[in-house]
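Student: Residue numbers (numbering that gives the first Met the number 0): 0 to 113.
Hint data in this document are derived by calculation from the structure and do not stem from the laboratory. Among the clues, some could well be false.
[Stated by the list, open to error] Mimicking EDC-like on lysine to aspartate or glutamate, the simulated pairs with C-alpha atoms at most 20 Å apart in a straight line are:
#1 18 <-> 60
#2 23 <-> 77
#3 23 <-> 60
#4 23 <-> 2
#5 18 <-> 53
#6 23 <-> 50
#7 18 <-> 30
#8 18 <-> 2
[Unchecked claim] Derived DEER-like restraints, expressed as beta-carbon distance ranges:
#9 1 <-> 54: 30 to 36 Å
#10 71 <-> 13: 15 to 21 Å
#11 86 <-> 46: 19 to 25 Å
#12 81 <-> 54: 40 to 46 Å
#13 79 <-> 15: 14 to 20 Å
Just so you know, even glycine gets a beta-carbon here, dropped at the ideal spot from N, CA and C.
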Amino acid sequence: MNDLYAWVAHQHHGLHTFKSFQDKLARLAEEQPRQRGLCRVLAHLVQGYIEAFDEAPVPVELASDVHHRLAQLLSTLDLNGDADRRLADINRIASFALWPLPDAAAASAQQRPG
0 MNDLYAWVAH QHHGLHTFKS FQDKLARLAE EQPRQRGLCR VLAHLVQGYI EAFDEAPVPV
60 ELASDVHHRL AQLLSTLDLN GDADRRLADI NRIASFALWP LPDAAAASAQ QRPG
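Between the sequences and the hints, there should be enough to build the whole structure, so can you do that?
Tutor: Below is the structure:
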């Protein structure tokens with residue numbers, strides 16, 4: 000088990016957890032430079048979710064599902080792996096869909112100038 004997984008697994012599924020997770024990733028990237036790539040893709044992964052629901056209520060079922068999916072993903076990471084393993088983890092995260100866009104958020108995103 001890694002520290003990121005352990006931390007997320009013991010947090011509430013609310014949006015504040017995802018914001019705190021980004022802060023935790025920023026600290027980890029500073030403290031452990033070899034984890035910067037991993038931290039960056041993880042922070043990017045949760046950013047879209049945070050932006051979509053910032054200042055808006057998150058449906059409980061969706062919040063629980065997204066939290067569970069993030070915890071599952073984190074449980075598969077090997078923070079002490081060799082360079083090949085870390086790269087494989089980063090690539091897997093980069094192609095991972097944490098959550099589907101809700102219809103309202105998708106419509107709103109399409110109306111924004113690009």
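Student: Give a verdict on every hint.
Tutor: Here's how the hints hold up against the structure:
{"no.": "1", "hint": "18 <-> 60", "verdict": "19 Å, holds"}
{"no.": "2", "hint": "23 <-> 77", "verdict": "17 Å, holds"}
{"no.": "3", "hint": "23 <-> 60", "verdict": "25 Å, violated"}
{"no.": "4", "hint": "23 <-> 2", "verdict": "10 Å, holds"}
{"no.": "5", "hint": "18 <-> 53", "verdict": "10 Å, holds"}
{"no.": "6", "hint": "23 <-> 50", "verdict": "18 Å, holds"}
{"no.": "7", "hint": "18 <-> 30", "verdict": "19 Å, holds"}
{"no.": "8", "hint": "18 <-> 2", "verdict": "17 Å, holds"}
{"no.": "9", "hint": "1 <-> 54: 30 to 36 Å", "verdict": "32 Å, holds"}
{"no.": "10", "hint": "71 <-> 13: 15 to 21 Å", "verdict": "18 Å, holds"}
{"no.": "11", "hint": "86 <-> 46: 19 to 25 Å", "verdict": "21 Å, holds"}
{"no.": "12", "hint": "81 <-> 54: 40 to 46 Å", "verdict": "42 Å, holds"}
{"no.": "13", "hint": "79 <-> 15: 14 to 20 Å", "verdict": "29 Å, violated"}
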